[in-house]
Structures are given as structure tokens and as C-alpha cells.
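S.K.: Take the given structure of chain S and dock chains X, Z and D with the ligands to it, following the hints.
Chains as they are written, first to last, in the working numbering: chain S, 1 to 356; chain X, 1001 to 1356; chain Z, 2001 to 2356; chain D, 3001 to 3356.
These aren't lab readings, by the way, just hints derived from the structure by calculation.
Mimicking DSS-like on lysine-lysine, the simulated pairs with C-alpha atoms at most 25 Å apart in a straight line are:
#, chain 1, residue 1, chain 2, residue 2
1, Z, Lys2029, Z, Lys2302
2, D, Lys3060, D, Lys3340
3, D, Lys3302, D, Lys3029
4, D, Lys3340, S, Lys29
5, Z, Lys2029, X, Lys1029
6, D, Lys3029, S, Lys29
7, S, Lys148, S, Lys60
8, Z, Lys2060, Z, Lys2148
9, Z, Lys2029, Z, Lys2232
10, S, Lys29, X, Lys1029
11, Z, Lys2232, Z, Lys2302
12, Z, Lys2029, D, Lys3029
13, D, Lys3060, D, Lys3148
14, D, Lys3232, D, Lys3302
15, X, Lys1029, S, Lys340
16, D, Lys3232, D, Lys3029
17, X, Lys1302, X, Lys1029
18, S, Lys29, S, Lys302
19, Z, Lys2340, D, Lys3029
20, X, Lys1060, X, Lys1340
21, X, Lys1060, X, Lys1148
22, Z, Lys2340, Z, Lys2060
23, Z, Lys2029, X, Lys1340
24, S, Lys340, S, Lys60
Quick caveat: nothing in here was measured; it's all calculated off a predicted structure.
Number of protein chains: 4
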Amino acid sequence: MSETRSTIGQRKADHLALCATDEVAFRNKTTLLEQVRFVHDALPDLHADALDTSVVILGKRLRAPIVIAAMTGGTEEAARVNRELARIAEERGYGFGLGSQRAMHVRTETAGTYEVREVAPTTLVLGNLGVVQARAMSTNEVDDLLGKIAADALCIHLNPAMELVQPGGDRDFTGGLDTIARLVRDLRVPVVVKETGCGISGSVGTRLRSVGVTHVDTSGAGGTSWVAVETKRAEAAHDAPARALGEALWDWGIPTAVSVGMLAPLGFETIVATGGIMTGLDVARAIALGASAAGIARPALKALTAGGRDGALAFFDAVERELRAAMLLSGSANVAALRKAPRVLGSELRTWLDQA
Amino acid sequence: MSETRSTIGQRKADHLALCATDEVAFRNKTTLLEQVRFVHDALPDLHADALDTSVVILGKRLRAPIVIAAMTGGTEEAARVNRELARIAEERGYGFGLGSQRAMHVRTETAGTYEVREVAPTTLVLGNLGVVQARAMSTNEVDDLLGKIAADALCIHLNPAMELVQPGGDRDFTGGLDTIARLVRDLRVPVVVKETGCGISGSVGTRLRSVGVTHVDTSGAGGTSWVAVETKRAEAAHDAPARALGEALWDWGIPTAVSVGMLAPLGFETIVATGGIMTGLDVARAIALGASAAGIARPALKALTAGGRDGALAFFDAVERELRAAMLLSGSANVAALRKAPRVLGSELRTWLDQA
Amino acid sequence: MSETRSTIGQRKADHLALCATDEVAFRNKTTLLEQVRFVHDALPDLHADALDTSVVILGKRLRAPIVIAAMTGGTEEAARVNRELARIAEERGYGFGLGSQRAMHVRTETAGTYEVREVAPTTLVLGNLGVVQARAMSTNEVDDLLGKIAADALCIHLNPAMELVQPGGDRDFTGGLDTIARLVRDLRVPVVVKETGCGISGSVGTRLRSVGVTHVDTSGAGGTSWVAVETKRAEAAHDAPARALGEALWDWGIPTAVSVGMLAPLGFETIVATGGIMTGLDVARAIALGASAAGIARPALKALTAGGRDGALAFFDAVERELRAAMLLSGSANVAALRKAPRVLGSELRTWLDQA
Amino acid sequence: MSETRSTIGQRKADHLALCATDEVAFRNKTTLLEQVRFVHDALPDLHADALDTSVVILGKRLRAPIVIAAMTGGTEEAARVNRELARIAEERGYGFGLGSQRAMHVRTETAGTYEVREVAPTTLVLGNLGVVQARAMSTNEVDDLLGKIAADALCIHLNPAMELVQPGGDRDFTGGLDTIARLVRDLRVPVVVKETGCGISGSVGTRLRSVGVTHVDTSGAGGTSWVAVETKRAEAAHDAPARALGEALWDWGIPTAVSVGMLAPLGFETIVATGGIMTGLDVARAIALGASAAGIARPALKALTAGGRDGALAFFDAVERELRAAMLLSGSANVAALRKAPRVLGSELRTWLDQA
Ligand SMILES: Cc1cc2nc3c(=O)[nH]c(=O)nc-3n(C[C@H](O)[C@H](O)[C@H](O)COP(=O)(O)O)c2cc1C
Ligand SMILES: Cc1cc2nc3c(=O)[nH]c(=O)nc-3n(C[C@H](O)[C@H](O)[C@H](O)COP(=O)(O)O)c2cc1C
Ligand SMILES: Cc1cc2nc3c(=O)[nH]c(=O)nc-3n(C[C@H](O)[C@H](O)[C@H](O)COP(=O)(O)O)c2cc1C
Ligand SMILES: Cc1cc2nc3c(=O)[nH]c(=O)nc-3n(C[C@H](O)[C@H](O)[C@H](O)COP(=O)(O)O)c2cc1C
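Only chain S is shown next, with the shape it has when bound in the complex (with noise of 0.2 Å):
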């Protein structure tokens, strides 16, 4: 047991390590948001020091549709990384995504690692845990994990492609539906389903919808690849099948973009947007194609581990900056207006949503 805990810790900071370069990007796939073009409204109504950018998601309105997504807790370093971006959240007015709590749950003494509300009292806080891990829990136990952190909502995340070709991953994938069932049913908070950047598809919605599901992370392909990620450690710890797998499958999964649309007619109440956001011209496209908001990861910690707190600051102004000019230049007064702003999509893009 606790070779299995300080083999979390480890796989944290390698995470994290990894994860400050660009060598964990997908190859040859993209979100697809690229063949998002808005049509320019060369006459907006608009004052662009009057937009409105807010929105309400999961019951708390923030100030601009971003969510600082799912990454770290467990180790020294994740706390410090939790904190800074869980300050910034909050004088954002941005969401924040807690990384697994599986580790809390095996040491319960990195509980602190997790903590952010002395920082982030208002702030819009994600839980976060994986399917797999959440099964072999009572609500009880869950719902304690998020009253130690007072968080808001928990993400339940799904990462099938990652855990095949992680050394010692999961294997049994069986009962996810059911777990979430009973969360979504029985924990004081909701639930958001989210992937971890192989995309959510129709299908899969559907069957999250039937089990009252109403909040989706699409974590889509084209940003970051965790199945790279354990690539990487497969390289380093010369596991040649583990590391055949995980180039094979190193871009696997369904563009954001695509998982977006796919979702869109759905009827979820939230949708995140998250996966290869890297731009507010993303953010925008995101929303066109349907999303409540956009959830960013690794960019952000890039910035922050870069540039410290101003790097990570000069990052988000720079996000919202191209949003309110998307937005102004879309003629879309608020976020509700950009959903609906006139676009046209790539050939790629509408092949896939044609198809799928």
C-alpha cells in the first residue's frame, strides 16, 4: 500500500514535468476548432467595454465562460500549483477543477494539497475523481472527500485509452454507468461527467442523459494526450510494449470541436468545453458550436510554470482579450449571443458531425 501511494506521488509529478512541455500534444489530430470561422459583423451595435461574458454554470456565475481545468493535488507541488491558479479563479471569476482525489483518499494526509478556499472562498471549486476509483467508494466516503475541500461539484473523469496503456492501469471498466447513476442520484452535489482528452460522443452522451446526468467536461482530443503522457513514462521505464501501445494510440479520440457538436442537441444543462483550448478565439469557437464554457489544463499550467503568477495572469488577460474581440466582432453582446453568432464550419469538421 505504500509502495502504492508514493507510486501516485510519483506518477503526480511526472505528470507535472511532462506536462510543462509540448511533448504530450497530439500529433496529427486537432480540436477541429480551427474550422470555426465567425463571419465578421462589420457593424456591431456594441461597446466593447460592455459585453457581457458572464455565465452561470453550476449554479454560480462567473465572470468569463472559463474553467481552469482538473490537474493536480497530492504532493508539495500540486498544492502550490492548486493554489496559485485557485487565486487567480477567483480573482477571475473563473471555475476551478481540483485533480484526482484519488491520492487524498489513499493518504488522507495530502488532503491539504487539495485545499484551496482559503484562496478561493467563492470561487466556483471542482471536485474530481475517476470512474473506476468512485465505484469502489461509498457516496458516503465521496461525499466526505468533497466536504473536506467544500467543493461545489464533483467531476467524475473517464480515461479508458490512458489506463490501457499505463503500466499497471485499470483494466476493468465495468459498472461505470451505474456509479455515476448513483451519484448523480444519492451525493448533496452535482455531478459533472468528464473525459480527460479523448472526447465524449453522442453515444456516450445519450447514455449519460438516460441516467439523469445533466453536466458534461467533453475533454476532447487535440490538446493534451494523456495517452502520450504515459508514453512518455513508458519510455522512461523501457516498457517497449506499454510504449508500442501508447504510440499507436497517441491520437486517439474524438476532436473537441466534434464533441462539442455532438453534445450540443443533447439537452445538458452544462457543457465544458475543455480539451486543446489554447486561445479566446477557442473559448469563442467552443461556445459557437454549443459549449456553457471552456476548460483549459495544461496551457495554463505552461503559463505558470513559465512565467509564475504573472505569466499565468498575462495568459488569461491575453484568453479574454480575443474572447470580448470575437465576441465584438461576431456582434454577440453576451455569451448567449455568441452561441448563436453566424459561422461557417471547415469541410473535416462537418464530416465528422455529418457522420457521427
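M.R.: Showing chains X, Z and D with the ligands alone in chain S's frame:
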């Protein structure tokens, strides 16, 4: 106020200098005019010297469907450019657009830099004002500004993208349509509504038609990027945020071919296709999509800067020669016939036109 | 007049020299024949040595559906080329086209350079005249010109693009259809209407059919660009405007595959697919689109220039071998079957054919 | 006759040597399997170790839907390869195809090089004969040839493209369908009709069905080009015409994905998708298009040549691991489910399937 004045003067000087290079072109977006392919007519029943390239625009007959598009005014250099190009317009029978008369309005002593009637007594001369500036002026003030230069019509330019990137640029774009409606109704000369490099959409076109506008200038994407111009200025001024926003919006806009295609069915009397027109083939393609004439800004300036009056003349010779060749080889005796010449559109252009 | 005569001679010499290189090929346009993909027949009920490649064209049976297309005449060098290629045509059972007989008309002493009957007594020999030249001649004069060389038919060539670029080229293209109508009606031999590298459209085809034309030669875009040839000559003559126009029109024209596809449904008796035919696969593809036979000009000249008679023979051997392979592997016992062989068209070719 | 014999031996040796390199791959044509993109299932209700990859083919259950496709026989080297790969097939539960038994028929003393039953007693073993050779043999002779190696079925291979290029190759392909009809009717074991790298079309499939064929192997384009193999041999033999024809036909054929898609609706019991299968993802994609199993020839040989038995085992391990991953991540518990897994086809593949 004197600062504002010298600021305008400096900006104008910067613009001319930057636009003599190709660093301010769109990067990854073209006009899509190259996707208009004429179907060769091997058996035209035509004499190459009897083709009629003339068009009537805004009540005046142009010998060729070419407008030298709005560029400058307000400085000595600007005066020289205006006079050289206006003289060519007179000799060749083109239309001629003056640059924004804002400078002339703010510093009346610069009025002379806009006066081209001496060299262009019969030319179709177009005045120019930004919609935001026009909003702040009475109709009489505008009439006065136009009267001083004996303009045949007023171009009201729209440029929200550029303003957003420009440090200290306009941020209040409200009331644009009302301003245009007022001027269309009350001004003594006709009004042309003109973009400056991002294009006019079908939706904007419809709004313009609804307040009585009958003349438009697409000034679409694919040629000069005004966002690029301001980005270069931001770079020189070490304004990192403005520069970053500019980089993100560099290619924003509706390709010229798309803008023409969108506006063609809306019943405008005049559609000037400006934005990235570089050759006589481009002129012909724009007309085949529904334009009345084509506007050329920076390529004319570049020819003048690089080769003086002779260089500019040679440039226009080449444009006309190509236009006539395209007419002959598509079996078009005149511009009206060219508008209906058989042609094949590439798939990217069709994708835009089908969806927009 | 003697100047005109030596001018023609010089031009013919220039043409042969330039066409021995690849500098006069289209640059960014292909024949689109490469987008015709046969569907392999793994089980052809055929003997490779029993395939029938013969076709009857203009009343004569060719052993293979190949015409050596019009190239030259008027100089000693031209005479040599004509005789070498005509001898091969006779031996191999191909059709053979003479170059424009304008030189022979202007300088009757050059008639001998067109005489190929000595070496090609039974070959299908095609005379050649530009439509503009033919317009100025009486039907008797034309008959006479053809009689001297014992031609089986007359190719009337159309080449407005080339003429526009050629300094001193024709500019009056009126009356072309009338001229053709007269010759079709009154001439003792059949008339083939032929382009020279820009292709014949469906619309031109319809006009030709309306005056009784039943034989055409596409000579479409993608092979030799005659505009390019004249552009190279303008370059050598330091004629900058002609050169610039030539650069702009270099790739003008209808790809050969498109021209064949456009003409196929119009009820012509003969469609010779010329323009960029380089291989036996190209011959097969053109036939599958509806051609009766394929014409080859410059590739034959190049083979002869580079390798003499043996080189030319080897070239045609390869073409025939490939054609027979394509027939066998598409399950086609003869040319009529090949015309119906299953095939898949690429999207660029379909785009052209759908719209045109 | 002894010459013919040693010729066959030499050819077999050449084949193995050339196929150990990548110089005999298709150049500008792929299998198009890469255009089959599975739609990720983030929530598969599956255990990775409980996936059922087995299929029943030709009456025998394979543990995984993999057939080691026909390659060799007739030489000592061939015997070694056959035994090594057959042993792996037995251990792993794959099908195993022997190379053409022509050598064994011509030189009965080479029969031993085809005997694999000692190492593969329960394996699905496929005999192999070219349709042209089979035509010349009585059904009894064929039965005899199969009996000697205790084959479960006979692959009749079709390879007209290769024969055309091969100096001295077959030229008479008549009577193929009759030969197949006879063997299907009279032979004691089932017949699989198999191409060798150019694919089987829908039209050939229909003809095969009409004479009672129920098993096919696509052996489509995009993997090993047998034309390429013979072109390399022609090159070595300084046979310029054969080499030129080979270069022209190098990429001839129907991409494997297209062949599978064409055959899927025709009611075959077995469709083995061979030709360019390199990975487990390829196996999965072929099955999703309708294949029963996938055949692998040269990649298996290469793995064996480069890494011996261990190399081959590692190669197949990787293939199986990827196949299982694709099954799990597309939510497919077994091969039947995989055949119906949601997927998106790229436009090139759709173009082929729509037209063919
Ligand atoms: C360092 C790092 C750690 C992550 N850890 C988690 C996690 O614990 N739980 C989770 O749901 N997603 C996790 N993710 C996935 C992200 O939330 C996100 O879905 C994915 O990275 C795609 O977004 P991106 O392209 O913006 O990075 C992690 C991502 C990164 C970069
Ligand atoms: C140096 C320069 C100055 C310009 N100034 C104005 C202006 O004052 N008013 C205006 O309506 N457009 C102005 N424009 C925009 C042009 O009229 C035109 O819409 C745009 O440059 C696209 O055309 P092009 O690609 O041919 O340059 C200017 C363009 C240039 C190059
Ligand atoms: C050297 C040369 C001379 C030619 N002269 C004539 C001519 O006199 N009359 C004519 O109809 N076409 C002429 N052509 C055009 C060819 O007949 C043919 O239409 C064109 O070259 C396209 O075929 P290719 O791509 O096989 O060269 C000539 C072509 C070449 C290469
Ligand atoms: C070395 C070698 C020898 C082959 N010999 C035969 C053969 O005798 N009979 C046959 O039907 N196919 C033969 N093939 C063709 C293969 O069975 C297969 O159809 C083709 O190579 C395409 O599969 P691949 O891309 O996996 O190599 C041979 C292939 C190779 C590489």
C-alpha cells in the same frame, strides 16, 4: 488636442511606410478569388480591341471597372500620393477614393492634402469618413467636408477589428447603422458603406439595405490586413498585449470573394470588390461573382512607391490588359457579359457560400 | 511580306526549340486525368495478346487510338520532324497531324515540308489551319492546300489565348463559327475543330454542334501551355508587358479531362483527347471519359529530339503497352469496352464536371 | 523444364529478399484504412481482459481474427519461414496461408517445404494456387496437392497485374471464373478467392458470388505492391520495357479499405482483409468495414527476418494489444460488436465507396 493631431499625422505616416512592404498582408487566408476559374471560350466572336470595359458607378462612367481605393490624406506625403493616383484615375477613367477625412476635420489646415480636383476634374472622387467619426458630426459638417473636396460620394468606412487592436482605438461602436441611415437620408451625395479589410457579410448587407443603402465596398480579407498594420505598430511601441491580440486577429475576416458572393443577391446598385485585388484576373473574377467594379489600395501604392508614376501606370496597364484578356477568353464583350461568364468555383469558396 | 514570311519561319524554329524542354508545361494546373482511377478487375476473361485497341476515326481504322497531334511545317527541321513521325504513324497505325499550313499558304515553296504521303501512304493525315487564317481564305484555297498534301481531314485550330500574348498576334476573333460552318458545309474533307492547349468547353461544343461539326480535338490544359511558349519568346524579346500577360495566363484553360467530360454527352462522332497525354494510362483514362482517341504532341517531339527515331518508337511502345495493361486490368476487350470500364473520379474533377 | 523449375526457385528467393525491404511498398496509394476513425467510447462497460477476439472462419475458430497470408514454399528458406510462422499461428490461434503450390506441383520433391502440419496440427491451414495454374489442372490433381499438406481450404489467387509486368508472365487470363466455379463445385475443401495486392472489386465479387464463391481475400492496394516486386526484378535484369510498365502500374489497384467496403454488402461468408495491414488498429478498421478477419503477409515476414521468432512474436503481440485496445475503446465486447462500432469515414474513402 494638438497631440491627437500629431498622433493622427504619425499614424498616417506609419501606415504609408508599413504598406509599402508585404509584411501587412494576410497570412493564412486568401481572398478565395483564386477559386473562381473561368471556363475558357475557345471561339469568342469578339475583337480584342472592341471590348467594352466601361461601367457606370454612382452616376459616372468609368472607362474600366477599377477604383483606386481610399488610402490617405493629412500629410505632405499623403498629398503627393493622392495627387499622383488621382491624376492617373483621371487619365485612365478609374474611380478614386480619398483616405479618411478625419484628419481634415480635426486639422482643417490639412484640407489641401485631400484636394485632387485640380488634377482629376471629371473623375469619380469618393470622400471618406469612419462611421464612428461620422456619428459625432452633424450632417452639415459632413456635407461641408465633402464640399471642400468636391466629392461625388462619401465612403463611410467600418473598421472595428482594427480599432480594437489599435492602442487608444475606438471601443464604442453603437449607433453605426443609425448614423448611416441619417447620412443616406440627408446627405447631398450618395453614401458607399465600406469595410477596410475584414469584409461585409450578408447579414450586415441586409441591415444596410434596410436603411436604404444601395452602395457597398466589400474591402474583404485576403489582401491588406489592417489588423496587421496596427499589430506592427504595437510591436514597434512594445505594447505586448495589443500585439498579441493583433497576432490572434491578423487573419480575421470574410474573404473578398465570399463577401462579394454574399452581397450579390441583396439588390445593391453598386458593389465595389476591394481587398486583395492584385491582377486583372482578380478584377474579372470579382465581377463574375457579382461586383460592379474592383477597388485596389495597397498594390497601387506599392507600384507607385517602387516605380513612381511610371511604375503605377505600368501596374494599371497590366491590370487592364489581363482584364481584357479574361473578358475575351471568357467570351464577354462587356462587363455585364463578364458577370454571367461560365465559371467553376473551388470547394473552399463553395463551402463558405453554401453556409453563409 | 518577306518579313512576315521569315517571321513565321523564326517562330516555328523557336517553337520546336522551346518545346524540346519542359519549361513550357503548365505550372499549377494538371489535365486532371490523374483523378480518373480505374477499378481493378482481378478476373478479366481476356488474353493479353487478343485485346483489340483499334478504332475507326474519320473513316480510317487506327491500330491504336493514338494521334500524333499537329506540330510543325515550314522549315527544314519541321520537314524532318514531320517525316520521322509520319513514318512511325504509318508503321504503327496511328493518326498524324501536320502543323499549321499557314506557312505553306504564305510561302508556297515550303509545301514540301508538309509532304508526308511518301512515308505515310495509308495513314490518317490531318491538315491544319487557324480559324483566323481560314476566315481569310476561300474554300477553294483551303481545298487546294489540303489537296497538295493529300490530307484526309482538316484541323481548324483555335488559339485565342496564345494570340493575345504573342506580340503582333491576332486580335480579331469574329466570324470564327461562320468560317467553321462554311468549311464543314463546303470542304471536300471532314473538319476537326481543335484547340491548342486551353480546351473546348461544353458551351463551345454546343455551338460547334449547331453548325454541323462532328469532330473535335480538346487540346486541353495540363500539358503544353502555348501561352507559356509565347511568354518565353516575349521574355527573350524583352517585351515586358507581353511577358507579364503571359505569366498571368500561363495556366489558363480547361483541363483535358474536364474538356473530354464536357464534350462527351454532346453527340460528337470523334473526340480526340489532346493536351498532356503522357502515358498509356492517360490514353486509357481519356477514353474512359468518352474520348475516341488521344492526341500526343510535345511528348512525342521530346522523345524524338532526345532519342531519335528509336527514342520515339520506344516512347510509343511504352504508351501502347500501358494502354493494353489498363485495358486488360479493367476487363476491357476493346476500346468500346474501355469507354465503359468502372472508374472512380477524384473530387477536383467532379467539382469541375458538376458545375460546368 | 528444369529451367522453369530453377526459374521458379530463383523467383521465390528474389521475392523473399525483396520483401524484407520496404522498396516494394505502394508509393502514392494507401489502404485508406487510416480514413476509418473510431468514435471513442469513454464509458465502455467492459473488462479489458474479458474481450472476445475469436472468430470462426472456414469452420475453425481463430483466437484472434488474424491470418498469416500466403507467402512462400518451394525452397529451403521458404520451408523455414513456413514452419516458423505456422508454429506461431498454432500457438496464437491464427490462420496460416501457404505460398503458391505451383512449385510443389512442378517439382514434387519440394512438397516438404509446404508441410506445416507437424508444427501446426490444429491450425486453419490454407493451400494456394494461381487461377491460371489451377485452370490447367484436374480437380483431382488439385485435391491431391491439398491432401499432401492437409490443407483446410484452398486459396485461388488472382494476380493479372503482376503477371503482365513479369517477363514471361501469364498472358492468357481466360476461363478464370469457370475454373473457380469448377473447383468450388468439385473440390473437397472450401475455396477462398484471393487477390495479391490489387484488390477485389464489387463487380468481381458479384461474379464470384454468381458461381457460388462464399470466401474471399481482398489483398488490396496500399501494402505490398507485387507489381513493384516484379519491377525490381526487371530492373535487376535490365529489362527496360518491363521496368517502365512496372513503374506505371506500381500503384495500380483498389485500396484495401475500399475493397472490403465493396465486398461487404454482397453476402460473403468470409472476407479476409489483406493488403497493408500493419497494426492492430488496421485489423480493427478492416473489421469495422465488414471484414471477418485480417490477413498479414509482408509485415510478418519482415518481423521474422529482422528479429527471428521473438521478433515475429513481439510483432503479433503488438497487433493483438492494439486490436484489444480498439475494441475496448470503441465499446466492443467481441468481433461482431466491433463490426458495428461507430466510426467516421474520411472523404477520400467515401468518394471511392460512393462511386464504386
Ligand atoms: C498535468 C495534468 C494533470 C491532469 N490531471 C487530471 C485529473 O487528475 N483529473 C482529470 O479529470 N483530468 C486531469 N487532467 C486532464 C485535464 O483536465 C484535461 O481534460 C486535459 O488535459 C485536456 O485539456 P488541455 O488540452 O487544456 O490540457 C490533467 C491534465 C494535465 C495537463
Ligand atoms: C495605406 C492605406 C491607408 C488606408 N486608409 C484607409 C482610409 O483612410 N479609409 C478607408 O476606408 N480605407 C483605408 N484603407 C483601406 C483600403 O481602402 C482597402 O479597403 C484595404 O486596404 C483593402 O484593399 P487592398 O488589399 O487592395 O489594400 C487604407 C489602406 C491602405 C493600404
Ligand atoms: C512544337 C509544337 C507546335 C505546335 N503547332 C501547332 C499547330 O501548328 N497547329 C495546331 O493545331 N496545334 C499545334 N500545336 C498544339 C498541339 O497540337 C497540341 O494541341 C498541344 O501541344 C497540347 O498537346 P501536348 O500537351 O501533347 O503537347 C503545337 C504543339 C507543339 C508542341
Ligand atoms: C514474399 C511474398 C510472397 C507472396 N506469395 C504469394 C503467393 O504465393 N500466393 C498468394 O496468393 N499471395 C502471395 N503473396 C501476397 C500476399 O499473400 C498478400 O496478398 C500481399 O502481399 C498483400 O499483403 P501485405 O501488404 O500484408 O504484404 C505474397 C506476398 C509476399 C510478401
